[in-house]
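Undergrad: Each chain, letter by letter, is given below.
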Amino acid sequence: MSMYNSNRGGIIQIIIGIIFILITAQLISLQIFSSKYVLAANNNAIFRKIIYPDRGIIYDRKKRALLENTISYDLVVIPNEAKGVDTATLCDILKIDKAEYSKRIIDVIIKNSRVKSGIFEAFLSAELYAQLTENLYRFPGFSLSERSIRSYPYNTAAHVLGYVAEVDVNFLQKHGEEGYEMGDYAGMTGLEKQYESILMGQRGVNRYLRDNKGKIQGPFEKGQFDTVAIAGRNLFTSMDVEVQQLAEKLLQHKIGSVVALNPKTGSVIAMASSPGYNPNLLTGNQRRKTIGRLLTDTARPIYNRAIKGQYPPGSTFKPMGALIALDEGLITPSFGYNCFGLYTSCGDPRKCEHHNAGHAANLQLALANSCNSYFLQVFRMAIDNPKYHNAKQGYLKWKQYMNSFGLGRKLGIDLPSENRASIPDTAQYNKDFGGAKYWNSCYMLTLGIGQDRMTATPLQLANAMAFIANKGYYYTPHFIDSVEEEDELEKKLLQNFRVKQEVTKIPTEYFDIIKEGMHDVTVYGTAAFIKVPGHEFCAKTGTAQNPHGKNHSLFVCFAPKDNPKIAVAVIVENAGFGATWAGPIAGLVIEKYLNDTLTKESKTKVDYLSNVDLMPAAIKAWYVRNNKTEMLTPIEYNNDELADIWDMEMVSETAPIPAKIDTIKKLDTAAPPSKPLVPLPKTKKAKEQALNPTLKKKKVNSKKNNVSI
Amino acid sequence: MSASSNNNNFSKGTDLAVILLYLIMVAIGIMCIFMVEYNPNLDWSNSFLTAKTNYSKQIYFAIFCGFVAIFILLIDSKLFTALANISYVLGILLMLATFVLGKNINGSKSWIPIAGGFNLQPAELCKIFTALILAKFISKPETDFTKLKSHIVAGIMIALPAVLSIMQHEMGLALVYSAFIFAMYREGLPPVILVILLSFAILVITTLLLEPITMAIILTVIAGLFIAGMMKRFKHNKKNILIVLAIWMVSFGTVRFAVPYIFNNVFECYQSTRIYSMIGKEYDCSMNKKSASSTTERKTKKPDDYNVKQSKIAIGSGGFWGRGFLKGTQTRGKYVPAQHTDFIFTSLGEAFGFVGTFTFLALYLFFLFRLIRIAERQRSTFSRVYAYSVVGIFFFHIAVNICMTIGLFPVVGIPLPLISYGGSSLLTFTALLFILLRLDADRQMVLR
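Residue numbers (this note's numbering), protein chains in the order written: chain A, 1 to 709; chain B, 1 to 448.
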């Protein structure tokens with residue numbers, strides 16, 4: 001019988017072989033051709049802990065930190081371990097109810113699963129932190145986790161510095177390749193955004209092995225795949241904290257902007273935009289409360305008017321008009337115009353502020369007296385220049401000059417979303433007047449005095465002053481002079497800022513004439529009463545007509561006259577004459593920068609100017625209507641506790657509410673803590689404390705925090 | 001050559017290759033268990049002989065099994081034929097005893113506690129006894145294994161312990177008894193039965209895969225085509241048409257009634273779920289009458305395909321070369337449940353990759369072919385039938401166990417022979433194998 005079926009042994013072997021081949025095939029598919037299992041295994045077992053480095057710090061020209069990092073604490077919870085929690089006490093401390101407690105636990109579970117820790121309450125106040133550390137033993141599963149947040153010891157330069165915020169889905173899509181993850185923070189505006197890659201440093205990743213219950217078993221592969229966090233690098237600017245604070249203070253209760261540049265380097269010394277906000281209000285737990293308020297404010301406190309505001313330059317444009325005419329050989333410095341208070345060559349008469357004979361007898365006089373007729377005439381000569389056959393060609397040449405002065409185009413400052421403002425194109429006039437044939441210099445006559453369709457940003461105006469101060473060149477305006485441990489890429493990036501922009505061939509003697517004229521402005525001209533103690537300076541006032549309301553007050557200048565170290569442009573919206581408001585502000589900024597201090601007389605002027613309220617009535621009415629009067633509150637600059645945001649919060653709560661807004665305040669039932677409308681009188685000592693570098697004090701503060709953990 | 005001369009020198013005639021393979025396998029098993037339990041924070045060198053860890057226990061089991069193996073090799077081979085019937089009866093009685101004395105381990109009441117905290121699983125031992133009684137039955141001179149009657153008697157012998165295992169909720173053990181089909185096939189079971197069984201398996205699988213209506217249509221179309229084909233060829237043969245109709249009826253009944261009945265009333269909810277999850281479907285436990293009461297308790301458990309998923313991740317993440325000895329993250333993180341017992345193959349796959357698993361499979365294939373060679377060189381039917389039973393049991397365990405870890409078979413609790421942790425299992429396979437080696441040593445004898 002065995003012989004009979006002996007071939008069946010072979011069949012059985014074949015069956016076994018087939019099954020083994022099947023198994024082998026599946027093993028090949030699993031182990032050789034599917035990479036997803038390795039990923040799945042790593043997802044299972046390798047826990048990546050990201051180590052966030054400290055962000056880089058931005059310093060001013062005297063190495064004072066414009067912003068730095070503070071430690072804040074979050075209350076975090078691991079839901080699985082949160083058993084036997086004294087919820088009543090916890091809810092009491094956090095001032096929440098039981099329902100909110102369960103809701104937050106569920107949120108944490110949804111976001112981070114049961115076994116990972118998630119944030120229960122972010123950015124604890126000092127008081128909460130103390131209470132929680134004391135009682136933490138009652139809350140198993142809860143712990144306090146450290147995180148680094150921005151703080152702004154000088155409460156200043158909010159627009160320039162920008163803010164960091166948690167990245168959202170949009171951001172992640174845009175920066176998919178850069179390794180950001182949900183929950184990361186990144187610079188969203190200002191320098192924080194522009195220099196994000198340098199400031200953020202390099203995150204470190206530690207890999208841990210965890211078991212099926214989520215417990216950490218120890219470092220994965222003895223940590224050989226871990227990367228070290230590299231701290232963000234510091235940035236160095238030529239800004240001056242004190243000048244910046246002064247500029248912001250002078251703009252209080254006004255809408256406007258101050259830009260101060262160093263013409264020798266193009267570095268920004270100060271850039272203020274008003275209304276502004278205290279940058280500390282957008283960090284930590286303040287942010288949630290503040291951001292909505294700031295975004296809905298009708299005066300747009302987040303908007304950086306210095307690089308985005310478009311203003312008709314008005315008479316501040318006149319020196320540029322004169323330069324063109326000189327360079328084109330249309331006038332000589334001795335060219336005069338017989339103005340009697342009106343310009344009538346184009347029919348409809350244009351007014352001039354002066355009508356005494358000889359106030360425009362030559363270029364220097366015309367500049368000093370800001371004679372409208374003179375510059376209207378000069379503009380017409382440029383457009384109707386016989387060299388260029390027709391008005392269109394002449395205009396194009398004129399526009400080319402404008403662009404080389406840095407007007408009507410982006411200058412390339414290292415801030416996001418700079419506006420190019422406008423030097424109109426011929427196409428626009430062709431459209432307005434029905435074709436190139438149908439217009440001539442009379443049609444856009446007021447361009448000659450910086451009106452019509454011409455607009456410029458405060459930055460462009462300051463840069464134009466730097467151009468004149470340097471007699472024919474400028475450096476691209478910028479904040480960042482150098483980066484700590486600069487590498488090749490950054491050298492290349494900053495190289496743009498280190499190259500002389502010399503785009504015109506205007507001879508220097510013409511600049512000398514303009515400078516003399518602008519100097520005369522400050523000697524006997526429109527700005528004769530504005531003085532900078534110890535320095536001669538050159539300036540030009542401007543009072544720009546504005547279709548929406550009162551004239552804008554403008555002032556451009558540079559100082560000292562013979563060795564310019566600062567070029568300033570000031571704009572105060574709807575304020576009136578340039579010499580009245582913008583002029584004194586510019587004068588004080590120059591004084592502060594050049595002398596490093598203000599005279600007693602100047603200080604009284606600062607107090608006076610900073611308290612003058614030039615807010616348009618419509619905006620004030622909006623605040624009252626929307627119960628938002630607290631937004632009118634200016635930033636408190638001279639508080640010596642500002643380095644620590646916890647302390648700052650307490651100060652803001654205890655500060656007396658000034659009587660001035662008391663009446664409006666009554667309408668405001670849900671009144672958040674407010675700061676005084678009028679800055680508190682400050683002693684010299686307190687001021688020095690605030691302005692001195694707080695770095696040392698900061699260290700003490702953070703040490704204190706560490707001890708109390 | 002007499003039996004007594006062999007008693008004096010038992011190594012003579014024993015197949016040393018198989019013994020060597022056996023030792024290699026047991027060593028691999030201990031290494032795998034060690035990989036599963038390894039904890040870098042503990043000093044493992046001390047715990048090797050303390051019997052507190054599984055690998056250390058397995059070492060003691062192996063030593064014990066070594067004594068058992070030597071003992072078996074010293075027994076006169078005639079004893080096995082003599083004791084075949086009585087041992088089978090004893091085994092069945094032991095299995096019945098578990099219903100009274102049984103200790104609940106992992107949800108199955110198939111263990112009898114014995115001294116020293118060790119437990120015995122009679123169903124495991126019953127495999128040996130069944131192999132012996134089957135060999136004894138077929139080798140009897142009066143048995144004609146080409147006859148259907150003999151097939152039925154053999155079938156009952158095999159089915160009895162299988163049914164008892166099902167009653168003990170040991171689905172895996174029960175399935176193992178189907179391994180005896182190899183021995184029966186070798187001894188004359190008509191291939192038709194294999195074909196019918198295979199067709200039936202295909203029918204059940206397609207029933208699960210397809211909608212009942214689709215199945216009904218397909219079956220009817222096939223039957224219709226057969227009848228139409230036959231009408232052309234044999235116009236008068238109504239008998240064939242009736243057979244086709246009968247097959248159609250049976251198939252239809254299976255699809256419509258038998259399969260749903262088995263899944264809803266015979267299988268436990270988790271078993272049905274596992275089988276459904278194999279083919280990527282979800283089983284609705286509310287249909288299951290057997291475990292309707294316990295569904296609430298099961299809901300809190302991990303999803304049922306969790307095991308297979310983690311097991312596939314572990315094996316798949318090994319890649320070609322593997323993650324290295326003691327470096328598997330799935331193993332270290334204890335992601336694979338029951339990894340030291342039924343899913344031991346995953347630790348091998350993760351640590352040594354395809355190279356390791358392929359070598360391991362090749363080793364086992366060589367082992368099985370070696371056993372078949374041994375089987376074919378027996379003079380006595382008893383030894384040959386027994387040898388094929390051993391081949392079938394080993395093969396079935398290996399195939400089902402590995403297939404379930406790589407997602408080719410539903411999860412049933414079947415250990416990997418000689419590798420998985422467990423004293424009962426190791427003892428059974430040792431005994432199975434060494435009885436065969438003992439019989440093989442006397443292969444020139446005719447045993448009945």
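One or more of the hints may lead you astray.
The list that follows gives simulated cross-link-like pairs (lysine-lysine, DSSO-like), each with its CA atoms no further than 27 Å apart [said to hold, decoys possible]:
#1 Lys334(B) x Lys222(A)
#2 Lys215(A) x Lys327(B)
#3 Lys215(A) x Lys95(A)
#4 Lys36(A) x Lys327(B)
Keep in mind the hints are simulated off the structure, nothing from the lab.
Undergrad: If any of the earlier hints don't hold here, list their numbers in rising order.
TA: 3
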